[in-house]
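Asks: Construct the entire structure; sequences and hints are all you get.
For the protein sequence lines, the chains are D and P, in the order given.
Quick note on my numbering: the first sequence kicks off at 1 and runs consecutively.
Quick note on my numbering: the second sequence kicks off at 1 and runs consecutively.
Hints are supplied without guarantee of correctness; some may be wrong.
No copy labels: a pair is met if it fits in one copy or bridges any two.
Said to hold, decoys possible - The list that follows gives simulated cross-link-like pairs (lysine to aspartate or glutamate, EDC-like), each with its CA atoms no further than 20 Å apart:
| hint | residue 1 | residue 2 |
| --- | --- | --- |
| 1 | 301 | 394 |
| 2 | 5 | 32 |
| 3 | 301 | 313 |
To be clear, the hints were calculated from the coordinates, so they are not data collected in a lab.
Number of protein chains: 2
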Amino acid sequence: MLTPKKVEILSLGDELLVGIRLNSHLTYLGGELVRHGLDPARDQELPDDTDIIRTAAAEALQRADLLITTGGLGPTSDDVTVDALARALGRGMRHDAGVETALRERYARRGLTPTGNNLRQCRIIEGAEVLPNPNGTAPGQWIEEDGKVIAVLPGPTGEMRPMFADQVLPRLIRLGWASERIPFLQIRTTGLGESQVAATLDPIFEPFADRLRVAYCAHEGVVDVRLAAVREEALPLGELNRVGERCRSALGSAFAAFGDQPVAALILGQLRRHGKTLAVAESCTGGLLAARFTEIAGSSKVFNGGVVCYRNDAKTNLLGVPACLLEQHGAVSPECAVAMATGAAEALESDYALSITGFAGPEGGNEPPGTVYIGYHSPLGVWASKIHHRGTREAVRERGVNAALDFMRRKLRKYEMHELLECLRC
Amino acid sequence: MLTPKKVEILSLGDELLVGIRLNSHLTYLGGELVRHGLDPARDQELPDDTDIIRTAAAEALQRADLLITTGGLGPTSDDVTVDALARALGRGMRHDAGVETALRERYARRGLTPTGNNLRQCRIIEGAEVLPNPNGTAPGQWIEEDGKVIAVLPGPTGEMRPMFADQVLPRLIRLGWASERIPFLQIRTTGLGESQVAATLDPIFEPFADRLRVAYCAHEGVVDVRLAAVREEALPLGELNRVGERCRSALGSAFAAFGDQPVAALILGQLRRHGKTLAVAESCTGGLLAARFTEIAGSSKVFNGGVVCYRNDAKTNLLGVPACLLEQHGAVSPECAVAMATGAAEALESDYALSITGFAGPEGGNEPPGTVYIGYHSPLGVWASKIHHRGTREAVRERGVNAALDFMRRKLRKYEMHELLECLRC
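Replies: As structure tokens, this is what we get:
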């Protein structure tokens with residue numbers, strides 16, 4: 001495999017074009033294709049229109065080696081993908097008895113009988129191989145034509161993704177178009193902007209310009225750096241890992257981890273290794289901080305719980321924040337942040353606690369909207385940190401949660417390094 | 001304006017194709033275009049490649065009246081949009097002194113001086129009108145050619161959206177291509193699947209087939225129905241609203257609201273009108289339920305707070321759930337759900353409380369993973385409800401929160417109707 005095979009995607013459905021649905025299929029497929037050495041060269045969102053899809057498919061097949069379509073395989077008259085592709089290829093369609101049997105069985109299990117419309121889903125393009133759909137009624141199709149491949153996938157995420165992973169990808173690997181796994185490394189950083197990360201790392205990547213694909217992506221308080229060998233043999237994993245280690249050193253405390261674990265998961269993992277527990281208390285972020293921890297599978301081993309206390313009396317009743325402290329310093333203050341953290345640690349019998357109090361906006365108080373204090377309680381002591389972010393309510397909340405997680409990650413890192421030094425001294 | 005003007009979009013940037021970024025620009029632009037009577041006919045995600053963009057732009061201009069591009073206006077060599085479009089149009093580029101002045105002022109405010117790379121952003125296509133960018137460094141461009149329009153917009157969301165809303169849309173309205181506002185109505189439903197909603201409403205829409213565009217969209221526990229007149233004069237708003245009222249009757253309790261308010265906002269609004277307050281308690285959804293309420297601006301007037309209690313002792317300490325109840329029935333039980341709700345109402349001095357307890361998975365307990373109980377405490381009494389959903393941890397949590405919100409919305413609706421009947425009896 002010398003140059004990566006070119007892939008184009010047709011994402012089919014009006015709902016993608018009129019502001020109703022985000023095209024998350026493209027994000028999934030794009031990521032998978034790159035990881036397996038294929039080159040996602042173009043995607044098009046097209047309406048449910050036979051002529052438009054037919055023309056676009058024919059044009060895409062002139063440019064690309066592999067054409068993947070998603071959507072438009074349902075039972076209604078809007079679902080025109082099979083017709084359009086058959087016409088683009090100049091092929092007929094046939095009714096597949098095996099697909100009909102599977103469809104009837106699926107309906108029978110729910111006590112239903114398929115109607116004529118449903119049986120439209122049994123139409124297969126002449127010469128196509130059926131890709132069975134264990135998660136839905138519409139089968140996929142695999143078509144080879146003049147050394148090119150068309151993979152026809154259903155629209156629902158829970159049907160499309162397993163069909164791609166279990167049926168399309170293995171066929172592409174057998175064809176020699178996709179690699180089992182291209183040497184790939186992701187570096188997660190926090191606390192720096194995308195351009196700062198790039199300025200730090202680009203000199204490291206320079207000598208590998210023709211062997212390495214580098215992509216930076218800023219999202220949700222982290223900047224990820226994705227490194228992929230351009231081909232399987234271009235940069236063996238061992239060498240790629242050495243490049244990664246150099247990045248780690250250059251990034252210092254901004255290096256969070258290799259991989260794509262959320263910062264919350266890194267924190268939980270570290271606490272779990274030390275047998276420690278965690279609680280949170282939050283006002284303006286109203287549950288988002290707790291949700292970030294609890295979305296991690298297995299979090300209940302470490303995360304004891306949280307308190308969302310919007311009102312001052314809740315801070316006092318549930319967390320024991322003294323009423324006089326609230327009166328003297330206000331609820332949005334470093335004093336209150338620390339008292340909330342300590343209160344949460346006590347109420348939820350936890351070793352560590354993280355707290356957030358602030359004004360998410362649009363209204364402020366003793367501080368302007370966008371002011372957020374982070375409180376941190378640990379066996380080594382308590383800390384508070386202030387951030388300010390101008391932005392929407394949603395952005396301030398998001399930024400507050402990310403800043404709190406990064407604050408705790410860095411504190412734990414220092415602590416772990418301190419422990420390591422202690423060990424070395426012994 | 002007889003037929004809607006056709007719009008194509010080019011979404012530019014490698015990051016959209018390799019699984020790094022979702023194309024939320026398309027969702028925003030698609031929604032805005034439809035609401036203003038324009039027809040989003042195609043979107044393409046293209047890599048940062050001058051030739052590919054040039055060709056695709058030239059082809060799009062043959063099909064569409066309006067071409068909108070997003071992204072690729074930055075200072076680096078990856079940012080090739082302006083070059084590519086100039087070539088597609090066979091036009092030159094000029095350096096714009098006004099843009100440079102604005103750029104230098106923007107940098108000076110941060111104590112910086114722009115480098116040669118940054119000055120690339122001052123290149124304007126011959127004959128283009130500059131669209132100033134108050135939120136960033138790259139200006140947009142407005143180009144008219146042979147009765148067609150090209151609108152060139154920057155990539156960052158916070159720059160693209162205001163530029164479209166404040167500069168592009170008003171120009172399109174002045175041209176007579178866009179309407180100030182097309183008669184538009186959104187109906188929000190809960191508790192039914194997309195096909196059930198469609199089966200209920202399609203007969204109502206039938207007589208308006210050529211005057212009304214109908215789109216169904218299922219997301220986050222709701223199914224939205226969007227109704228838009230095909231043209232401003234095709235279906236006046238008064239008539240559209242009468243169609244909406246017929247939908248409301250047909251949907252019964254599945255009708256949540258007209259508009260796009262989240263269910264949590266509907267609940268908060270109703271409680272606020274009655275001067276009531278709310279608290280939540282949750283285990284497996286770990287903060288997500290609280291976050292849904294607190295993301296609504298002004299929620300602090302109604303929402304007193306919440307408790308995330310993963311562990312049994314937290315349920316007992318913070319919410320007063322009796323240890324013997326937990327022992328007898330288990331934490332995932334209707335008894336515990338109700339005790340959590342009542343405990344939250346008491347601890348947070350609230351009139352209403354909503355609770356969730358369950359096994360999000362991958363592990364279960366006395367019940368299989370995916371089992372979730374909802375508890376509800378109100379001045380009229382307490383209720384519990386059980387749901388079961390097979391799916392990922394994330395899906396179970398999401399489903400649990402949506403079911404709890406819908407449960408409370410329906411209970412409040414009954415209560416309000418009951419009150420209304422009481423009034424009528426007086």
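Asks: Determine for every hint whether it applies to the structure shown.
Replies: Going down the list of hints, with the structure as the test:
1. 301 to 394: Intra 30 Å, inter 18 Å, cutoff 20 Å: inter-copy only.
2. 5 to 32: within (14 Å within a copy, 36 Å between copies)
3. 301 to 313: Only across copies: residue 301 and residue 313 sit 14 Å apart there, 30 Å inside one copy, limit 20 Å.
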